[in-house]
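Under numbering that gives the first Met the number 0, the first residue of the sequence shown carries the number 0, and numbering increases by one thereafter.
Derived from the structure by calculation, the hints contain no laboratory data. Here the structure is a predicted model, which is why all the values come from computation and not from measurement. Here a beta-carbon is modelled for each residue, glycine too, at the ideal position from N, C-alpha and C. Certain hints may be false.
Said to hold, decoys possible - The calculated label-pair distances, taken between Cβ atoms and stated as ranges, are:
{"#": "1", "residue 1": "Arg-36", "residue 2": "Ala-129", "range": "36 to 46 angstroms"}
{"#": "2", "residue 1": "Leu-136", "residue 2": "Gly-84", "range": "58 to 68 angstroms"}
{"#": "3", "residue 1": "Thr-30", "residue 2": "Ala-59", "range": "19 to 29 angstroms"}
{"#": "4", "residue 1": "Arg-101", "residue 2": "Pro-49", "range": "45 to 55 angstroms"}
{"#": "5", "residue 1": "Gln-62", "residue 2": "Val-42", "range": "39 to 49 angstroms"}
{"#": "6", "residue 1": "Thr-30", "residue 2": "Asp-66", "range": "55 to 65 angstroms"}
{"#": "7", "residue 1": "Glu-32", "residue 2": "Gln-62", "range": "11 to 21 angstroms"}
{"#": "8", "residue 1": "Gly-29", "residue 2": "Pro-49", "range": "36 to 46 angstroms"}
{"#": "9", "residue 1": "Gln-62", "residue 2": "Ala-139", "range": "30 to 40 angstroms"}
{"#": "10", "residue 1": "Arg-79", "residue 2": "Leu-136", "range": "39 to 49 angstroms"}
Claimed, not checked - Each computed SDA-like pair below joins lysine to any residue, with the alpha-carbon atoms no more than 20 angstroms apart:
{"#": "11", "residue 1": "Lys-92", "residue 2": "Ala-139"}
{"#": "12", "residue 1": "Lys-92", "residue 2": "Phe-144"}
{"#": "13", "residue 1": "Lys-92", "residue 2": "Ala-57"}
{"#": "14", "residue 1": "Lys-92", "residue 2": "Ala-15"}
{"#": "15", "residue 1": "Lys-92", "residue 2": "Arg-80"}
{"#": "16", "residue 1": "Lys-92", "residue 2": "Glu-111"}
{"#": "17", "residue 1": "Lys-92", "residue 2": "Gln-63"}
{"#": "18", "residue 1": "Lys-92", "residue 2": "Ser-140"}
{"#": "19", "residue 1": "Lys-92", "residue 2": "Thr-132"}
{"#": "20", "residue 1": "Lys-92", "residue 2": "Asn-108"}
{"#": "21", "residue 1": "Lys-92", "residue 2": "Arg-131"}
{"#": "22", "residue 1": "Lys-92", "residue 2": "Glu-133"}
{"#": "23", "residue 1": "Lys-92", "residue 2": "Ala-129"}
{"#": "24", "residue 1": "Lys-92", "residue 2": "Val-110"}
{"#": "25", "residue 1": "Lys-92", "residue 2": "Arg-46"}
{"#": "26", "residue 1": "Lys-92", "residue 2": "Glu-141"}
{"#": "27", "residue 1": "Lys-92", "residue 2": "Pro-146"}
{"#": "28", "residue 1": "Lys-92", "residue 2": "Ile-52"}
{"#": "29", "residue 1": "Lys-92", "residue 2": "Thr-40"}
{"#": "30", "residue 1": "Lys-92", "residue 2": "Ser-145"}
{"#": "31", "residue 1": "Lys-92", "residue 2": "Pro-58"}
{"#": "32", "residue 1": "Lys-92", "residue 2": "Arg-109"}
{"#": "33", "residue 1": "Lys-92", "residue 2": "Phe-43"}
{"#": "34", "residue 1": "Lys-92", "residue 2": "Leu-136"}
{"#": "35", "residue 1": "Lys-92", "residue 2": "Ile-102"}
{"#": "36", "residue 1": "Lys-92", "residue 2": "Ser-27"}
{"#": "37", "residue 1": "Lys-92", "residue 2": "Pro-49"}
{"#": "38", "residue 1": "Lys-92", "residue 2": "Ile-142"}
{"#": "39", "residue 1": "Lys-92", "residue 2": "Asp-143"}
{"#": "40", "residue 1": "Lys-92", "residue 2": "Ala-53"}
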Amino acid sequence: MSVTSFPQRGRFQPFAVDRILVDQLPSSLGTVEAPERYTVTAVFTRRPLPQEIALLQAPAVAQQLIDAGYSRVTLSTTDRRLMIGNTNLHELKVGLARLIGRILEDIGNRVEVTGSAQARDAAEIATRAAERTEQVLMEASEIDFSPRVSHYT
């Protein structure tokens, strides 16, 4: 089990894997009865955002795994866990873990950029609404209901 510290970006920690849940590995590992392939359960550094989960399940991610030679490997999420199916510790050690790390980093960056753009758009909309409200208040304050016309305005 490794303890990795990730620097925080923006409001969130990076979308990454923190560690493998060793107690979720097959108990027969290290014996002749050990399965060749199994599901490795890992814990994310934080709870994934819905957009990150959607991007992780996109066909492009499966294609990246296939292109890198991991055609049988599957990735799915359960709460704060990444389920890496049809793999083994050796495969993760010799390259699959790095590939998954890059995939998660890319997804996290894409969601962060999208979130930043949405925040900018929301700020622009709020600014326009405030300007519009100010204009309406100014026009309303210039209305005079007095029965006499003032010669001073």
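Quiz item: Keeping to a limit of 20 angstroms between CA atoms, is the pair of Lys-92 and Glu-111 held or broken?
Solution: Roughly 28 angstroms between the alpha carbons, so the hint for Lys-92 and Glu-111 is violated.
Self-check item: Outcome of range test on Cβ distance (Leu-136, Gly-84; 58 to 68 angstroms)
Solution: Taking Cβ atoms as reference, Leu-136 and Gly-84 lie about 60 angstroms apart, which means the hint holds.
Practice problem: Take the C-alpha atoms of Lys-92 and Arg-80, compute the straight-line distance between them, and say whether it is at most 20 angstroms. | Solution: holds, 19 angstroms
Quiz prompt | Distance restraint hint 19 to 29 angstroms, applied to the beta-carbon atoms of Thr-30 and Ala-59 | solution = violated, 38 angstroms
Quiz item: Are the Cα positions of Lys-92 and Pro-49 separated by 20 angstroms at most?
Solution: Violated, because 28 angstroms separates the two Cα atoms, which is more than 20 angstroms.
Quiz item: Taking the beta carbons of Arg-101 and Pro-49, is their distance inside 45 to 55 angstroms?
Solution: violated, 21 angstroms
Quiz prompt | Holds or violated: Lys-92 to Asn-108, with C-alpha atoms at most 20 angstroms apart | solution = violated, 24 angstroms
Quiz item: Are the Cα atoms of Lys-92 and Asp-143 separated by 20 angstroms or less?
Solution: With a Cα-Cα distance of about 78 angstroms, the restraint between Lys-92 and Asp-143 is violated, given a limit of 20 angstroms.
Self-check item: Pair hint outcome, Lys-92 versus Glu-133 [Cα-Cα no greater than 20 angstroms]
Solution: violated, 61 angstroms
Quiz prompt | Holds or violated: Lys-92 to Arg-131, with C-alpha atoms at most 20 angstroms apart | solution = The hint is violated at about 58 angstroms.
Practice problem: Return holds or violated for the Cβ distance of Gln-62 and Ala-139 against the range 30 to 40 angstroms. | Solution: For Gln-62 and Ala-139 the Cβ distance comes to about 58 angstroms; the hint is violated.
Quiz prompt | Beta-carbon spacing of Glu-32 to Gln-62 - inside the hinted bounds 11 to 21 angstroms or not | solution = violated, 34 angstroms
When each numbered hint is compared with the structure, violations occur for hints 1, 3, 4, 5, 6, 7, 9, 11, 12, 13, 16, 18, 19, 20, 21, 22, 23, 24, 25, 26, 27, 28, 30, 31, 32, 34, 37, 38, 39 and 40.
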